[in-house]
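*Asks:* Read top to bottom, the protein sequences are chains A, B, C, D, E and F. Residues in the first sequence are numbered consecutively from 1, following our numbering. Residues in the second sequence are numbered consecutively from 1, following our numbering. Residues in the third sequence are numbered consecutively from 1, following our numbering. Residues in the fourth sequence are numbered consecutively from 1, following our numbering. Residues in the fifth sequence are numbered consecutively from 1, following our numbering. Residues in the sixth sequence are numbered consecutively from 1, following our numbering.
In short, the hints are calculated from the structure, not lab data. A few of these clues could be false.
Anything over 10 Å on all C-beta distances counts as not near chain B; from chain D, calculated [what the hints assert, rightly or not]:
(1) THR173
(2) VAL187
(3) VAL199
(4) TRP201
Some chain A residues close to chain C (C-beta under 7 Å, calculated; not the full set) [what the hints assert, rightly or not]:
(5) ALA87
(6) LEU88
(7) ILE93
(8) ARG151
(9) GLU156
(10) LYS158
Built from N, CA and C at the ideal position, the CB exists for glycine as well.
Protein chains: 6
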Amino acid sequence: VVAGLERRSRLLSQDEKIRVAYHEMGHAILSLAFGDTETVHKVTIVPRGVAALGYTFRRPTEDRYLMNRRELERKITVLLGGRAAEALFFDDISTGAADDLDKATEIARAMVTRYGMSDFLGPITFERESTPLLGSHMPIKNADYSESTARTIDSEVKRLVEQALQAARSILTQYREIVDRGAKSLVDLETLDEQQLKVLWNQRSKRASLEAISGV
Amino acid sequence: VVAGLERRSRLLSQDEKIRVAYHEMGHAILSLAFGDTETVHKVTIVPRGVAALGYTFRRPTEDRYLMNRRELERKITVLLGGRAAEALFFDDISTGAADDLDKATEIARAMVTRYGMSDFLGPITFERESTPLLGSHMPIKNADYSESTARTIDSEVKRLVEQALQAARSILTQYREIVDRGAKSLVDLETLDEQQLKVLWNQRSKRASLEAISGV
Amino acid sequence: VVAGLERRSRLLSQDEKIRVAYHEMGHAILSLAFGDTETVHKVTIVPRGVAALGYTFRRPTEDRYLMNRRELERKITVLLGGRAAEALFFDDISTGAADDLDKATEIARAMVTRYGMSDFLGPITFERESTPLLGSHMPIKNADYSESTARTIDSEVKRLVEQALQAARSILTQYREIVDRGAKSLVDLETLDEQQLKVLWNQRSKRASLEAISGV
Amino acid sequence: VVAGLERRSRLLSQDEKIRVAYHEMGHAILSLAFGDTETVHKVTIVPRGVAALGYTFRRPTEDRYLMNRRELERKITVLLGGRAAEALFFDDISTGAADDLDKATEIARAMVTRYGMSDFLGPITFERESTPLLGSHMPIKNADYSESTARTIDSEVKRLVEQALQAARSILTQYREIVDRGAKSLVDLETLDEQQLKVLWNQRSKRASLEAISGV
Amino acid sequence: VVAGLERRSRLLSQDEKIRVAYHEMGHAILSLAFGDTETVHKVTIVPRGVAALGYTFRRPTEDRYLMNRRELERKITVLLGGRAAEALFFDDISTGAADDLDKATEIARAMVTRYGMSDFLGPITFERESTPLLGSHMPIKNADYSESTARTIDSEVKRLVEQALQAARSILTQYREIVDRGAKSLVDLETLDEQQLKVLWNQRSKRASLEAISGV
Amino acid sequence: VVAGLERRSRLLSQDEKIRVAYHEMGHAILSLAFGDTETVHKVTIVPRGVAALGYTFRRPTEDRYLMNRRELERKITVLLGGRAAEALFFDDISTGAADDLDKATEIARAMVTRYGMSDFLGPITFERESTPLLGSHMPIKNADYSESTARTIDSEVKRLVEQALQAARSILTQYREIVDRGAKSLVDLETLDEQQLKVLWNQRSKRASLEAISGV
């Protein structure tokens with residue numbers, strides 16, 4: 001999802017459409033590269049309500065009881081695909097990735113503080129407790145851990161997110177041609193369905209495919 | 001108890017069933033190894049309501065007035081048995097241990113801050129006081145101790161939990177065969193009762209038993 | 001916008017008029033130098049209500065869905081144009097830039113903490129959460145990150161704002177003559193419209209224009 | 001007082017009775033060693049309501065206007081007598097000392113922050129003010145002193161409590177035989193009255209008595 | 001303004017009158033030295049209500065839209081004139097300067113955190129946001145910046161205030177004779193009007209005047 | 001004033017009476033030594049209500065508009081006279097000085113943070129603002145200054161209070177004989193009036209008087 005600074009009831013400019021198309025193809029191609037061919041079934045740059053400029057539809061992988069560390073890392077990587085695509089094709093980044101970064105940070109933080117998935121911090125949970133005041137109005141987070149621990153948490157979250165961005169960059173570079181082709185179709189057609197995405201994905205060069213075997 | 005990311009009213013997938021079975025056997029075998037043969041009387045992977053994917057039933061040892069340091073350390077070890085089993089048999093860890101980690105952290109923290117069981121910190125209690133505001137809505141925890149003390153508390157809690165995980169790992173490695181066999185039965189039968197657990201436990205090799213004598 | 005210490009229903013003194021005129025021309029010339037000839041369509045030193053001593057009217061660039069890093073940096077630079085002009089022509093700075101500094105700081109902070117635009121901090125969002133209490137009365141910002149991270153955020157914000165001030169200074173120095181001429185007209189006429197601004201801008205010396213090519 | 005983890009309306013197990021008996025004799029013998037023969041007039045391991053597993057009755061020394069430093073140090077030492085006795089006779093410590101540690105910490109903290117009894121910190125009072133909000137619901141403690149001072153307060157409190165535990169240990173070691181004999185009577189009789197305590201105390205060996213002269 | 005510890009409805013003692021007179025002349029002479037001859041039009045040591053022991057009347061320079069850095073520095077210097085005069089003539093300082101110090105600190109803090117007038121901190125605003133809770137009862141100031149930045153802010157505020165005190169001291173030393181003469185008249189007459197102040201100021205020695213040219 | 005731990009409606013023990021008498025004579029003799037012969041007009045060890053065990057009556061020096069640094073330092077010294085006398089005559093200190101320490105700390109803190117009387121911190125006011133919430137129930141003190149400044153404030157307060165205790169000790173040592181004699185009379189008579197105090201004071205040895213000339 002690309003979320004802009006402010007959203008008013010008007011159409012995207014052509015420049016914005018192009019950027020959004022590459023951003024969404026970033027998400028989509030990473031999902032496809034991770035073998036989630038079934039789950040990505042629609043990509044669109046038709047703004048949806050006030051909240052999103054484009055959207056990559058996935059069948060909810062969240063509808064599961066358990067996720068393991070590798071799956072969570074890939075989830076972060078897919079989320080950073082939009083930012084990585086913008087950096088790759090426009091040589092500058094935009095405000096449109098704000099919501100993606102938020103979600104990626106939240107997952108990385110949960111891995112570190114709730115799921116015990118940082119080897120540095122160990123199988124411990126760290127919470128600055130959040131309790132609603134007067135119903136659900138005010139979450140208060142209290143200092144249950146030291147500044148020293150807070151520093152380690154921050155650096156572990158950073159490490160997870162930066163590794164994911166690095167992975168997103170390297171996969172999109174590998175499939176650069178497909179991203180480019182997909183984004184151009186998306187600008188023209190505004191929406192790509194499951195069948196069109198499969199056709200696109202199957203056009204990737206043998207070379208890229210082979211390299212992908214040793215992928216992330 | 002294995003708790004998942006989100007719980008909806010549907011059945012576990014086969015993959016999830018297998019993981020939950022190993023997770024629960026991790027808890028059960030550690031209890032048995034600590035000689036709690038009487039207290040573990042049922043293990044199941046039938047989800048219970050919204051809160052748990054599996055369950056290891058123990059006769060409540062909490063129904064006691066006093067617990068000593070060694071008992072608390074073992075309690076933490078049993079809690080980390082699910083995480084240790086997942087790491088041992090799946091080479092990856094999942095979100096399913098979140099509640100276990102929470103409880104283990106809470107006990108370790110109480111040992112350090114309430115029961116004076118850390119030699120580093122001494123026979124002192126440390127509390128950032130929690131007082132209900134307007135009834136019981138908002139616990140406020142205030143800084144009654146220094147950042148320096150907070151750092152020592154954090155590292156003592158970490159030490160206790162990591163030692164327990166290390167113990168869990170080494171005991172489950174020792175009884176690896178039994179965990180494997182038990183988990184497989186659990187996938188088939190969904191529930192093992194006291195009698196079935198005793199039969200399973202008695203099948204452990206002589207070798208493992210002997211080694212257990214110098215156990216944790 | 002120049003905002004003063006206190007605003008009462010009286011006229012500006014001649015000295016104040018002159019300072020405000022240079023301040024506003026600082027904003028206007030930076031906009032023009034960045035090629036926003038269309039968007040700056042009026043500059044005035046007629047106080048508007050209680051909130052502003054002068055005003056540079058721009059067609060809202062905010063009416064967009066996305067902004068990229070370079071555009072945000074230029075926005076900060078234009079905001080600091082008033083402060084830069086005062087320093088250049090009066091050899092002292094005034095309280096009149098307070099609102100500009102506030103906005104510039106806010107944008108730089110958002111770039112660093114919300115849009116992932118600091119290479120140092122990475123594609124992470126940092127928020128000390130702000131949640132309304134009892135409706136929208138009290139935003140509480142809690143410590144979601146360490147003092148160490150807070151320090152890096154501060155220094156990244158500082159870097160962005162200081163680079164922008166440096167850019168503003170160097171561009172205004174280049175167009176010093178035009179700023180001077182424009183400010184003098186503004187003191188006389190109180191308002192310059194789009195046509196007058198274009199005429200002014202076209203009077204800039206060839207030399208300045210050429211140098212501007214390698215500009216910011 | 002020995003306070004357990006959770007208290008339900010059932011009897012203590014034999015193991016728990018024994019531990020509680022030694023714990024209470026730890027308190028009682030320290031009181032007697034400090035010459036408070038009159039004030040300790042009953043020791044019991046009959047649980048009292050929900051709050052206590054055993055009890056050492058003392059005539060209230062608190063019914064005084066003034067207490068000096070030495071008296072407060074001895075008060076802390078007596079409070080730690082239960083913990084010291086458990087460590088001495090069971091080679092492990094239990095959750096039963098939690099309330100004693102709380103009280104000991106509170107007195108040591110008051111000596112340091114309210115009564116100016118730490119030579120390091122000087123004749124100054126240190127308070128993070130506690131004021132009731134909306135009646136008496138929420139005490140807020142604010143930072144009236146620096147982290148550096150908080151660190152010194154913590155280490156002074158630790159020093160006082162650890163010295164007291166050391167004293168408790170050394171006195172109980174000296175009267176080990178009496179503690180043992182008293183605890184055994186207590187398990188049998190459940191309660192010792194003033195007369196029985198005097199008889200017990202007078203049975204202490206000459207050797208121990210003589211050594212006690214150079215006691216704490 | 002000299003504000004005392006407590007004010008009751010009684011007359012000042014002779015000693016207090018003398019101190020207040022020197023204090024007020026400190027303010028007045030600094031205003032005059034900065035060329036504000038018009039604005040200081042009355043000095044008095046007749047207590048005004050409960051709030052002030054003496055008063056130096058100035059025509060409000062605050063009735064302006066803009067103030068520059070130099071003007072703010074001088075404002076701080078005049079505020080510290082009372083403290084400087086007490087130190088110079090009594091060799092001790094009193095509680096009477098509390099309100100002056102408060103105002104001086106507030107202005108220096110605003111220069112640093114709101115007006116971007118510290119070269120160290122740059123053209124940035126720093127606020128620990130203050131938002132009313134439940135109307136206007138409770139301002140909450142949150143940590144929007146790091147301890148490291150807080151330290152720099154403190155040292156910049158200190159620098160500004162200490163430089164101003166140094167300036168106040170050196171100017172009053174220069175006009176020592178005039179301050180002395182003025183304070184003595186003030187004790188006798190209780191109030192000096194604009195005409196009397198001009199006469200006093202014109203009596204300053206040639207030497208002092210000449211030196212003043214290279215003044216602050 | 002000597003304030004005890006808890007006050008009940010009973011008489012002081014003989015030991016307590018003696019301690020209180022020395023404590024009060026500590027205050028009284030320091031007042032006399034500072035030349036406040038007129039202001040100390042009664043000393044008593046008759047408990048007054050629930051709040052005080054003894055009392056030294058002084059004519060209120062607070063009934064003044066201004067106090068200078070030296071006067072505030074002496075005020076702290078007199079407050080610490082009770083503690084100093086206890087240490088001198090009993091070789092141990094008691095809880096009875098708690099209120100004196102509180103007041104002494106408060107004055108020293110005000111000197112440093114409100115009256116600009118610390119050369120280290122300069123003529124600046126430092127406040128962690130206290131604003132009533134919902135009327136006057138909850139003072140919130142916010143961090144308006146850095147930890148580094150907090151540390152300096154703490155050490156300046158400590159310096160002031162320790163210097164005063166040192167002064168109190170040395171003066172009481174000088175007049176040891178008078179304190180002793182006065183305390184003994186006080187135990188007998190329970191109250192000494194102005195005339196009796198003058199007689200006592202005039203009995204001080206020539207030697208002590210002469211030394212006092214180079215006093216504090």
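*Asks:* Hint by hint, note whether the structure agrees.
*Replies:* How the hints compare with the structure:
The beta carbon of D:THR173 is kept farther than 10 Å from every beta carbon of chain B, the shortest such distance being approximately 17 Å. With a closest Cβ-Cβ approach of about 15 Å to chain B, D:VAL187 is found to remain outside the 10 Å limit, as its non-interface label requires. The claim that D:VAL199 lies off the interface holds: its Cβ sits roughly 29 Å from the closest Cβ of chain B, which is beyond the 10 Å cut-off. For D:TRP201, the non-interface assignment is confirmed: its Cβ lies about 26 Å from the closest Cβ of chain B, beyond the 10 Å cut-off.
Hint on A:ALA87 is violated. Least Cβ distance to chain C is approximately 10 Å, over the 7 Å limit. Contact between A:LEU88 and chain C, as hinted, is not supported at the beta carbon level, the nearest pair being about 14 Å apart and thus beyond 7 Å. With its C-beta approaching chain C no nearer than about 6 Å, A:ILE93 sits inside the 7 Å limit, and its interface hint holds. Satisfaction of the interface hint for A:ARG151 is found here, the shortest Cβ-Cβ separation to chain C being roughly 4 Å, below the 7 Å cut-off.
A cut of 7 Å between beta carbons decides the hint on A:GLU156: the least distance to chain C is about 11 Å, and the hint is violated. Because the smallest distance between the Cβ of A:LYS158 and any Cβ of chain C comes to about 5 Å, under 7 Å, the interface hint for this residue holds.
The earlier numbered hints that this structure contradicts are 5, 6, 9.
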